[in-house]
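J.: Below are the chains, spelled out letter by letter.
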Amino acid sequence: MQAQLTPSTKRVDFDTILKYAAVTNDYNPIHVDKEFAAKSPMGGIIAHGTMSVALIWQALKNTLGVQALNRILLEIKFVQPVRIDDDVTGGGELRPGSEPPVYDVWVRNAKGQDVIKGTATVKPVGTPA
Amino acid sequence: MSDGPVFDYAHYEPGKHYGARNFSVDESTVAKWRSVYPNDDDPGVMPAGMLAMIVIDAVLTLNSPRPPGGVHGGQTFDIRRMPRIGETLRTDVWCLDKEVKKDRKWVRVRSETRAVGSNELLFTGVMTTLVAQ
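Just so you know, the sequences run in chain order A and B.
Going by our numbering, the first sequence opens with residue 1, and the numbers climb by one from there.
Going by our numbering, the second sequence opens with residue 130, and the numbers climb by one from there.
If we strip away everything but chain A, and leave its shape as in the complex, we get (with noise of 0.2 Å):
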């Protein structure tokens, strides 16, 4: 099993954040009202923290394929928000000896900061979820 797993990174701009809320129908104003977000404990917008957690799964899927997808168990936190243009990068490595294979995953931003944070473990073929 692969020792890195193959990164994915996207740039958090305002116009993505507006589709990512259309797609999930999330429009919390803190993630899409500059004028909210600003007045908020946040200070500005931030992004919904799934956004991010897509780059893990594509990071798993990049590396093991799409079928090893259906082994998967995710386990993660939320870190700290991300911020309207922010590169945000989505990766992991695996636990050396782990059985079955565990990665320590997680999404860091454009300074190297976890955003989000956890474990991903391939389970054997046939475990009940």
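Errors might be hidden in some of the hints.
Which chain A residues face chain B? A few, computed with CB under 7 Å, are given here [unchecked claim]:
1. 1
2. 4
3. 18
4. 19
5. 21
6. 53
7. 63
8. 68
9. 70
10. 73
11. 74
12. 77
13. 79
To be clear, the hints were calculated from the coordinates, so they are not data collected in a lab.
Glycine included, every Cβ here is placed at the ideal spot set by N, Cα and C.
For this one, chain A is given, so just place chain B on it according to the hints.
T.: The following block gives chain B in isolation, referenced to the frame of chain A:
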């Protein structure tokens, strides 16, 4: 959005079932997704990034109305089979548990998503939320 009680911390009951929500994995929805994520172009299978969308749509719809200020803290996805384009899914939602830690109110909600018709279990999950009230 329902006119029922507000889903604040006190309202959640561990073990309680809050209903089910259907989601159609149709071509137009997948096309909208792919307009944001062009690399999610595998034929026949739903993009995995949409798993979160399905769970959150169900939880936010079934656990409404909610007080403002809640924060999505974490999420798990346990996959048995990825949904296929063209399937209709049904997601059931329960309160798993809740606790106050260091003055913060945490609620965990469990979900099970099945294929409508066959009732095949496709994936399960736990969503952790920091509730403001």
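J.: List in ascending order the numbers of the hints, as given earlier, that are violated by the structure.
T.: 1, 2, 3, 5, 7, 8, 13
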